[in-house]
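Trainee: Each chain, written out:
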Amino acid sequence: MMRPLWTLLQRDISLIVTRRQDVLTVVAFFVIVITLFPLAIGPEPEKLRTIAPGAVWVAAALASLISLDRLFADDWRDGTLEQLALAPQPLALTALAKVIAHWLSLGLPLVILSPALGYSLGLQGIELAVLAASLLLGTPILSLLGAVGAAMTLGVRGGGALMALLILPLYVPVLILGAGAVNEAMFAAPYQAHLSLLGALLAVALPLLPLAIAGALRITLD
Amino acid sequence: MWDGIGDFLAMGGYAPYVWGAFGMVALGLLLEGLLLARRRRQVRARLQRQSRRRSAAAAHNQGE
Amino acid sequence: MKGRSIPWLKFTAPASFYALAQRLVPWLWPAAALCAIAGLYMGFFVAPPDHQQGDAYRILFIHVPTAWMGMLLYLLLAVYGAIFLVWRIKMADIMARAIAPTGALMTFLSLWTGALWGAPTWGTFWVWDARLTSTLILLFLFLGYMALHAASDDREKGGRAASLLAIVGAVNVPIIYFSVEWWYNLHQGVSVMRSDGPSMADSMVAALLLMIAAFWIYAGAVVLRRAQVEALSREPRTEWAQAAAVGRLTRDQRQRAAADTALDQQPLGPEGEA
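Residue numbers (our numbering), protein chains in the order written: chain A, 1 to 222; chain B, 1001 to 1064; chain C, 2001 to 2274.
Hint data in this document are derived by calculation from the structure and do not stem from the laboratory.
We treat Cβ as the ideally placed atom computed from N, Cα and C, and that holds for glycine.
Any given hint might turn out to be false.
Simulated coverage check for chain A against chain C, where a stretch passes if three residues somewhere in it have a Cβ under 8 Å from a Cβ of chain C [unchecked claim]:
id, region
1, 43 to 51
2, 157 to 166
3, 214 to 222
Distance windows between CB atoms, simulated [what the hints assert, rightly or not]:
id, chain 1, residue 1, chain 2, residue 2, range
4, A, T18, B, R1039, 32 to 40 Å
5, C, L2075, B, R1039, 22 to 30 Å
6, B, R1053, C, L2075, 40 to 48 Å
7, A, P4, C, W2027, 22 to 30 Å
8, C, Y2041, A, A161, 28 to 36 Å
9, C, F2125, A, A40, 51 to 59 Å
10, C, Y2041, B, L1031, 22 to 30 Å
11, B, G1004, C, V2246, 38 to 46 Å
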């Protein structure tokens, strides 16, 4: 069970390493979206501070959305996906490996970058740690949900915009809890409950959503 | 209960809200019904054309 | 072929369904109209004004039914989606597809009437309250379902993908509701949507129940009609569809078509795999 997962993971990671340009593009997108907020709202630190958690989280959601767009597209076009579906290991496992690789290439950089960006928007001290922690727990859920959408819209007209329509509503709880945790920390209120709930969502999503992804992939491959 | 039609239409001062809500619902349901009826007519007409053509072809074949 | 002996499977054949709907719908329209007229009469001419909200509360008579229908129809959509995914019954997809536009309309109307009710009573058209937010998301889910269905060139595949989306969305709606409720209550302290209203007068309850019945029956009629049209346009070359289009679907044709469908829908049986 673990060995095929590991092999698939290695393959996907090496694919990402060869295409590191794409990863950098998405990370740059994340930074640029966050930069837009101070430019649009104005440089007053107090105002920026109030929108900081939301801004970082919205940027993370958008970055995850645009990067997931092509998660399965290449493997699907060159037939690899079909081969993987015929392989003995469950398709859900394959999907999980792809999502983990994707998260390592996108979610993790966002988590690492987020304290610096949060700081630039006026967050301080513990708030930065909570921001990073909330992204650490939340971005995997975004990746999993987004992968369901990516699998559903494979080979469908108008993929990108359609995927946004399908997936962004599903992102709502994660966004609320993630940004909520940081907000709590800003009011010196207990933020652990928000983080625990995010963790609970992740614990539910991790076993269930790969099954949904596999189901969606089978529909496309049929 | 109401003092004439004017009082009824005024809805105790809430006329824009009450009639705006009821009006939009009426409009929505009416539009849905009309669009559905139009689509039903179109689909049925298309099928009727097909079936006429088919029976005409059948009659033609029998005639030969 | 055991499946055929179960009577409720009969209407999984589009032809049988079409005939059933053809018989039901003519009764549903007048029933809905009667309920609506009775409900409107009760609501506008019998029910007294509310002692706090005056006549503005009368929006309730359409707000509550539309909001209920929106949620109920989404639930039904997900159930039909699940049936279609598991048993591949085409009729389930047709029903789900027929439900979506009416569900979206109802959800939109409940948002609209809610906004117009909120303006005089809370002083604002919109708050980011749990119920409002989750209803808005529900509307997006309906639109997403329809968009995904429409975007796919392969109707079968599009239907399955959309069904999956409906199920994922159905799981998500309660999560959205609770997360917003939580978030909002923690920050705003008091919720605006306190339902501490006094018990309603009997005439108000009667009017509300009549209006709810009217919306139920209306939705049933519209969905059945749309499903009929969808069934016709999906099998345009079949004998039954062409007969139905002229309005002369005989019992014979119906049974032949139903037998064909039963043969088609056998992926469950061992030989169905072939």
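Trainee: Could you work out which of the previously given hints the structure breaks and list their numbers from low to high?
Mentor: 1, 4, 7, 8, 9 and 11
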